[in-house]
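If you read the protein sequences in the order shown, they are chains A and B.
Counting in the numbering used here, the first sequence runs from 1 upward without gaps.
Counting in the numbering used here, the second sequence runs from 1 upward without gaps.
Simulated from the structure, these hints should not be mistaken for laboratory data.
Note that the structure is predicted; figures quoted are calculated from it, not measured.
What you were told as hints is all true, and nothing was included just to trick you.
Same chains, same label: a pair holds when it works inside one copy or across any pair of copies.
Calculated lysine to aspartate or glutamate pairs in the DMTMM-like style (CA-CA distance at most 20 Å, straight line):
hint, residue 1, residue 2
1, 128, 353
2, 370, 140
3, 421, 408
4, 208, 186
5, 38, 57
There are 2 protein chains.
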Amino acid sequence: MEMLMFNINRDISTPIYLQLYENIKQNIINNTMQHNEKLPSKRQLSHYLSVSQTTIEHAYQLLCDEGYILSRSRSGFYINDIVNLPVTYKTQLPTESDENESLYQYRFKLGAIDKSHFPNDLFRKYAKESFDDHQICLLDSGHKQGDYNLRKEIRNYIFHSRGVNCLPQQIIIGSSTEQLLSILTDILSDAKYMIEDPIYKQVRNLLKRKHVPFEFIPVNSNGIDIEQIIRTDFDVVYITPSHQFPTGVIMDLKRRTQLIKWASEKNSRYIIEDDYDSEFRYSGRPIPALQSLDNTGRVIYVSTFSKSISPSIRVAYAVLPQELLSIYRKKTNIEGGTVPRHTQYTLGRFMSDGHFERHLNRMRKIYRNKRDIIIRELKKYPDIFSISGELTGMHFILTVTNGLSLEDCVHRVEQMNIDIKPLAHYRFKQNDHIPQFVLGFGGIPDEDLENHIHALIQCFTK
Amino acid sequence: MEMLMFNINRDISTPIYLQLYENIKQNIINNTMQHNEKLPSKRQLSHYLSVSQTTIEHAYQLLCDEGYILSRSRSGFYINDIVNLPVTYKTQLPTESDENESLYQYRFKLGAIDKSHFPNDLFRKYAKESFDDHQICLLDSGHKQGDYNLRKEIRNYIFHSRGVNCLPQQIIIGSSTEQLLSILTDILSDAKYMIEDPIYKQVRNLLKRKHVPFEFIPVNSNGIDIEQIIRTDFDVVYITPSHQFPTGVIMDLKRRTQLIKWASEKNSRYIIEDDYDSEFRYSGRPIPALQSLDNTGRVIYVSTFSKSISPSIRVAYAVLPQELLSIYRKKTNIEGGTVPRHTQYTLGRFMSDGHFERHLNRMRKIYRNKRDIIIRELKKYPDIFSISGELTGMHFILTVTNGLSLEDCVHRVEQMNIDIKPLAHYRFKQNDHIPQFVLGFGGIPDEDLENHIHALIQCFTK
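Please build the complete structure, drawing on both the sequences and the hints.
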């Protein structure tokens, strides 16, 4: 037991033995000193604290009297098991919130990935390499936009797969879309935002937290309401055109063109394009990113590795148009880099060796297979279900069509121990009583698909 | 060459051949298509875009005419070297800002570490382990406060080395002090802050960025002005009591007690204790953290691994008092975790195997040695220099005492190519014309100490 924990303050009037008593008691109550741990001997402690042995004896006696410690003859003092003490000030700490998650039996969780196909061996290799002796420069703090090598790889990837035109200099690497949006709101200070309803909650939460003014723009079955964007006429619009979150609507070329036209009419206007899960497009011709259609520098492209690598890697990126890059570079009051350099190195090497592309191609097949199985099975029950937004990504919208009310559906889902969120959960302004759910399938192991589907069918059968 | 980059919009009136021309031209100008790259054949591209070969021919011809591409007989079309073209719209991107840093010959940089003693081998081992097949759960997003194992190790470390009383449940892991402070300001919404002057700029910048009201409290040679804290009477005070940044003043026990007494008088009052470099205390009895003196739950303890591991690891932590933990747990609108789980695992294992303590003990000797050499040499020139704030950490204050003005000193430093910041750089409210510098020594390799010291002496000799 370290003796540093005993803090004696000679400048206050409380007697030292009482301070010591209080100190040890609190440590026991807080569990920082644990059952059966041995206390320092009176001699040791009196020497360490430069107080008399009598002082220590007073304190220990008081603790013995109250049952916090025990004296064992010829051995010393030990912490008692305080669970059975009649009165302690044991503080009730809330339990860790994520622990509840595992209670669900069937999990259609958004943002979960198929872990069984993760290229652990390759990441192991590159992670190891990042701590090679000749990579010692990775211990320096590095560029605030992120490592150049990783930015170069990202630039190549988004150019070839999404048609995004940029140079590595325009890329900022961050921990998440949320964190990058926070930086964007600092660059675009004083701007007002238009955001989709329904929406990825973190985006709305971030704006709210930063007291950034915003307005919701409704998303209907054809996508975001462009007319209302034009009418509202705030500076910045945040959208997910390739697979609207969570409805899954894909914005058509006509609306894309209208939106870019709108943005190009004023220098203060910007479009934030969140391309969060476009890696996994299963059918139809790929639609290039909105950014690739924009010649006027009005689109800020944002994406993440949360789906394509893992949610735990905490790497996302934003592509700034030239004008915003200049503002960013000039501003000294911008948050610094948050991604560990060894993580950046590991990911950059994984990409530069061509493994990222291969990984995506492999995972696309795996997710398509999961999606196909679920949809095929659910389509056998056309009276109960209809499906939409399934062309891209790792979730789609499941509508319950047999006349059950939303409330009834939500109740049934809880009863069956199914983790699935109603679409209404992501709506803020529009009132929604349609029994629709956002079904995430990325994290369901192949061998559990059948029982998950069966649970859904059972759940919603009248 | 991927064909996705060719974006044709059939909904606008611009002819397709012109769209294609503009598209390819922009790609060449932006360097996304590079010199000598081959264009798709007319046949391929017409097939891919479902347009006639004549359309492609029109576009290619136009590009040839303007010199963007070249036709090589029996081979096809290639991107020309556009450097010599008379007119291009080549955009001038600002150069990467960090590139300038290496221009300095002598670097007394703050926040730099001695890289030559980094335990690469151990980090390599644990990083490798983090990608073991049985660690696959690390691919899940994890707890928003950070991995429990790492929090447990941090709890043990700060308890034994700094006397901080807490449970792992009270710890939040983040990327940096700056990022954790951002979370704290969201938890303590509506609070007004008192911060030190001089101060670590990121702290002041963060508050400014988030429009959080704050007031500067002067730090003098005895530390922060407690009387002014009591007079100002805002809710939260942010301090660096163990080694004030940047002055290096250590807050004495009397002031600590006064401050805790002040905080304990109202439930809205909190002290944020930033214990950023207390690992490296070279002499004198260690003063336990302020948090350890506090029985009333008014102290929020914050620290970082930037100095003890490396600035590039991007891991810091905050210890919330019970009351704030409850608020944090209840609030849904708080930023999620930003530290990659493999990094958390690697660091946690490094700590749990006892290497962190050994590493600190080794590094303490190394930094003490650097400090001792610099101070010993500078003390040979008592007419030129005086030194303060050198008991802890990786920097101290160097005062030039031979009558040179601050302006003169700054000019000389620039002339000599020395990277050292005047103390005035960290002051906001107090006007300061004393020729004082903040000398960081952590990053100077042992073999360069001599020439660095020599440069300083030469620089300030009249």
